[in-house]
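Protein chains in written order, with our numbering: chain A, 284 to 546; chain B, 616 to 848; chain C, 3 to 477.
Fair warning: there could be bad hints in the mix.
Restraint ranges, calculated between C-beta atoms of paired labels, are given here [what the hints assert, rightly or not]:
1. A:Leu331 to C:Arg402: 30 to 36 Å
2. B:Asn801 to A:Glu411: 45 to 51 Å
3. C:Ala395 to A:Pro542: 43 to 49 Å
4. A:Glu419 to C:Ile405: 44 to 50 Å
5. C:Ile405 to B:Thr626: 47 to 53 Å
6. A:Asp461 to C:Pro429: 35 to 41 Å
Derived DSS-like pairs: lysine-lysine, alpha-carbon spacing no greater than 30 Å straight-line [what the hints assert, rightly or not]:
7. B:Lys686 to C:Lys162
8. C:Lys470 to A:Lys393
9. C:Lys37 to B:Lys686
10. C:Lys470 to C:Lys448
11. A:Lys318 to C:Lys470
12. C:Lys107 to C:Lys83
13. C:Lys408 to A:Lys393
Over 10 Å on every C-beta distance to chain A, these chain C residues come out as not near it, computed from the model [claimed, not checked]:
14. Glu43
15. Arg50
16. Ala53
17. Asp60
18. Glu75
19. Asn78
20. Gly121
21. Ile145
22. Gly147
23. Asp168
24. Thr202
25. Arg237
26. Asp284
27. Gly301
28. Glu374
29. Ala411
Keep in mind the hints are simulated off the structure, nothing from the lab. Idealized CB from N, CA, C, for every residue including glycine.
Okay, here's what each chain looks like letter by letter:
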Amino acid sequence: MTLAPADAKQGPLVGLFVTCLVDLFRPSVGFAAIKLLEAAGARVEVPLIQTCCGQPAYNSGDRANAVLLARRVVDTFERFDYVVAPSGSCAGMLSRHYIELLADDANYAKRAEALAARCFELTSFLVEVLRHTQVEASFVGKVTYHDSCSSLRELGVRSTARRLLASVEGLDLVEIADRETCCGFGGTFSVKYPEISSAILEAKLRAIVTTGAKTVLAADLGCLMQIAGRLGREGAGIEARHVAEVLAGMTETAAIGAPLRAR
Amino acid sequence: MSSPEDGGVTTDARNRIFARIRAALDVDPEDQSGHRVVADRLRRHPRGTIPLRARCHGEQAIRQFADMLTKQGADLSRVANPAKAVGAIGSYLGSNNLPPRLRMGADAVLASLPWKEAWDIERSFGPASPSDRTSLSRAVVGAAETGTLFLVSGEDNPTTLAFLPETHMVLISAADIVGSYEEAWNRLRSIYGSGALPRSVNLIGGPSRTADIEQTIVRGAHGPRRLHVLILG
Amino acid sequence: MASSSGSFTSNARKALADAELQRALQNVRRGFILKRETAVETLPEFDRLRAEARAIKDHTLGHLDLYLEAYEEKVNESGGKVHYASTAAEARDTVLALCRAAKAKRVTKGKSMVSEEIGLNAHLEGAGIDVVETDLGEYVLQIRGEAPSHIIAPIVHLNKEAIEVDFRRAHRALPSTRKLKSVPDLVAEARAVLRERFITADVGITGANLLIAETGTSVIVTNEGNGDLTSTLPRVHIVIASIEKMVPTLEDASTILRLLARSATGQEMATYTSFATGPRRDDDPDGPSAYHVVLLDNGRSEMLGSVFQDMLRCIRCGACLNHCPVYGAIGGHAYGSIYPGPMGAVLTPALQGIEHARDLPNASSFCGRCEEVCPMGIPLPKMMRAWRERDFAKGDPPLRQRIALKVWAYTAKRPLLYHALAGAIMPLLAWRAGRSGRFSRFPFGKSWTKTRDLPAPEGKTFHRLYGKAKRSSSS
Chain A
284 MTLAPADAKQ
294 GPLVGLFVTC
304 LVDLFRPSVG
314 FAAIKLLEAA
324 GARVEVPLIQ
334 TCCGQPAYNS
344 GDRANAVLLA
354 RRVVDTFERF
364 DYVVAPSGSC
374 AGMLSRHYIE
384 LLADDANYAK
394 RAEALAARCF
404 ELTSFLVEVL
414 RHTQVEASFV
424 GKVTYHDSCS
434 SLRELGVRST
444 ARRLLASVEG
454 LDLVEIADRE
464 TCCGFGGTFS
474 VKYPEISSAI
484 LEAKLRAIVT
494 TGAKTVLAAD
504 LGCLMQIAGR
514 LGREGAGIEA
524 RHVAEVLAGM
534 TETAAIGAPL
544 RAR
Chain B
616 MSSPEDGGVT
626 TDARNRIFAR
636 IRAALDVDPE
646 DQSGHRVVAD
656 RLRRHPRGTI
666 PLRARCHGEQ
676 AIRQFADMLT
686 KQGADLSRVA
696 NPAKAVGAIG
706 SYLGSNNLPP
716 RLRMGADAVL
726 ASLPWKEAWD
736 IERSFGPASP
746 SDRTSLSRAV
756 VGAAETGTLF
766 LVSGEDNPTT
776 LAFLPETHMV
786 LISAADIVGS
796 YEEAWNRLRS
806 IYGSGALPRS
816 VNLIGGPSRT
826 ADIEQTIVRG
836 AHGPRRLHVL
846 ILG
Chain C
3 MASSSGSFTS
13 NARKALADAE
23 LQRALQNVRR
33 GFILKRETAV
43 ETLPEFDRLR
53 AEARAIKDHT
63 LGHLDLYLEA
73 YEEKVNESGG
83 KVHYASTAAE
93 ARDTVLALCR
103 AAKAKRVTKG
113 KSMVSEEIGL
123 NAHLEGAGID
133 VVETDLGEYV
143 LQIRGEAPSH
153 IIAPIVHLNK
163 EAIEVDFRRA
173 HRALPSTRKL
183 KSVPDLVAEA
193 RAVLRERFIT
203 ADVGITGANL
213 LIAETGTSVI
223 VTNEGNGDLT
233 STLPRVHIVI
243 ASIEKMVPTL
253 EDASTILRLL
263 ARSATGQEMA
273 TYTSFATGPR
283 RDDDPDGPSA
293 YHVVLLDNGR
303 SEMLGSVFQD
313 MLRCIRCGAC
323 LNHCPVYGAI
333 GGHAYGSIYP
343 GPMGAVLTPA
353 LQGIEHARDL
363 PNASSFCGRC
373 EEVCPMGIPL
383 PKMMRAWRER
393 DFAKGDPPLR
403 QRIALKVWAY
413 TAKRPLLYHA
423 LAGAIMPLLA
433 WRAGRSGRFS
443 RFPFGKSWTK
453 TRDLPAPEGK
463 TFHRLYGKAK
473 RSSSS
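One chain only, chain A, in its complex shape (with noise of 0.2 Å):
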């Protein structure tokens, strides 16, 4: 497959960094992605190479191989005008973290630095970059939704999936109180220590329900999993998805660990 020079006239030349979670668990969020970022014209391609972004071996202290998968990606998605991840902690690993890791690399330090400019969270890129703040979508029914930790404090994105969320027709957004608060997750965190992040996750999931909101939404797979988790485990009745599928009308699947709808 030959690749067309990066043009204006055509759009931006957007890789897009599936994640893993999205990937393995959920792919219709990369395919949401992908129909979003369309829509807003740029082209996308989808490295098939990529894997992780390396962020367990980095969080877990093993930074010789979160320094070689950092390499794998700046390698594989440098060519790109902008890289792209339906993902605040993906998005932060690769615009934040990978200038620390391969700080003291010849070979990487300014390649890495070059790239995290170019890395961008998926509200966050078609708000703010490609000025898309208008989808054609819509779900009815009252929505909450959930900042990640990375998209509000290493990204600082606290806007843009809301301005995105104001354009869905028939969509009534009420916020959660005290919505600074991690959910829990921090990745490997949630099963090394799973009883204090199932008690944080607790009182999360009181914040959600005392919403009303029938659906919760967040622009963070990781995040949702426990979210969605916990809501299942107790029944609660509320179902969680990617801001992705809601934006781009996809919401056929089942949500987030709910049952299968009949074909």
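Let chain A serve as the given structure and place chains B and C on it in line with the hints.
The following block gives chains B and C in isolation, referenced to the frame of chain A:
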């Protein structure tokens, strides 16, 4: 350098600590630039950002000073002249059912108040003792930015006056209320010289309080239960 | 204090099951967070001051030897004395020697985390000296024989009923008819009992929030006034402070003080901020006749010049604790260290060794709230990660975790293998979950599924689906 008091520990420890610090900072013993930088900062004591709320003067500063102290639990009286000050002190004692006795220091401004007008107030002088119930000191300067009184140790206003009695009254001249801590420190420098302070400078913003038990605020934890500030002028 | 950081998991479990503690933590969290937020909003210059405070500390640390020398010279000039202690043991011995030289029988103490760090009280008591903590919270802990659970609000975990029981047990002169039901009752009782101790103390020991090189001054910050009664009434005042408390000038101290109480309790300033310089002068009718400063290293100089240097900017405000979801869930005691929460997760391994405190930096979701609220801009998650690297390099994480990570890393580095495995396993899992769309049980997955369902994968991986779509579109 070793002192018999501390069992002779200190020189050895000092050497080890300095050696580690210098190794960690990669200090070049030939390089004197660090000395110059440090000496310069200590001499010039450059200021950082002074918040807007601290950049007030005159009446505005006095009002902000008074508001903040009141919010912080102090009782406040603004008195136009020394006679009114004495009057306010007298009524405060009366309305709080306190005996007409004041412990104070040798402060000349306080001494010069027209005490004859409050003939029944018994004044005694010196540091506070545990049985003194009410004291009167003078603050040398006050910072409006947070409603903070600056009291200094010495014969004029012994430190214990501010901490032992249950009720502490503090007189401050309106002219001594500045906007920022920095201006307050400069006032002290003009009195004590550069690079020197009296034994104790106490910044006080209200009566003693604690919230240690169930986050419930209670006054008079160990220090005074009541702080009465009189702004004179 | 003796550390029990090694039993973190069981401590945490106990804390999670403690309903009283959970209630207390909820209230504290909400209170402190809201108060700080309000106080920050009233100071528009807050972020600029934070940047300046950070620069002041970095500058000071970068010339720490010179500032220590300048400070010492000023302390000497004012008639005080500086003593250096490289280790906790040296600090304890120095303080004891000073107390003995003063023939001290009774000592009062202001709140000092450093004194707890070095286990000072037990050392003095072992030598027959009567030591009483005067900060109300620390006093209660002392009579309970307990450690603080928060660096600013030490008895956050206790309710007033428990304290009434403690006072009745410890205060022999307390008549059983006296009412101690309300918080003001309890405070009044403590005030009365401690007043006598203040007045009869031979030596007063305080910590220092700041040391000022320009004037040779130590600064303490309290709301109660106990620090001042401790430093002013006895014949001897001993300050114990770690070396990184140094700042150059009164202006520098002012910048930091604008942030300290605001970040800690949401106050503009603490009620009492006291600057002590040397013993009493000729014209002082009160104050101590001797003033000693014991400067403690105990691992700080090792942190200098290392990835942990930024931790030396900490001003012990406790904001990170108040905003941390982990601390908010388990409280301070579970950390088994004087320093809990995010700042404790970084500092404790530096003081005790990572091998004795490995859970502390590991038990974090890296939500980053701590760094966000830290008035000194300390990159706490980054330093916790640095500890994890050392922990990993030693091979200390549990075997299961090491194996899982190894397997994952092995496949993640080999895309063909990774995608072949994922492509085979995910559809299998989806089939296994069936209509339900989730797993309530999972082999080796108990740590997740005990409290949460695991959402099932959709089936084919994105790679498979996209690869297929690409092939069919290009054919």
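Enumerated hints in conflict with the structure, sorted upward = 8, 10, 28, 29
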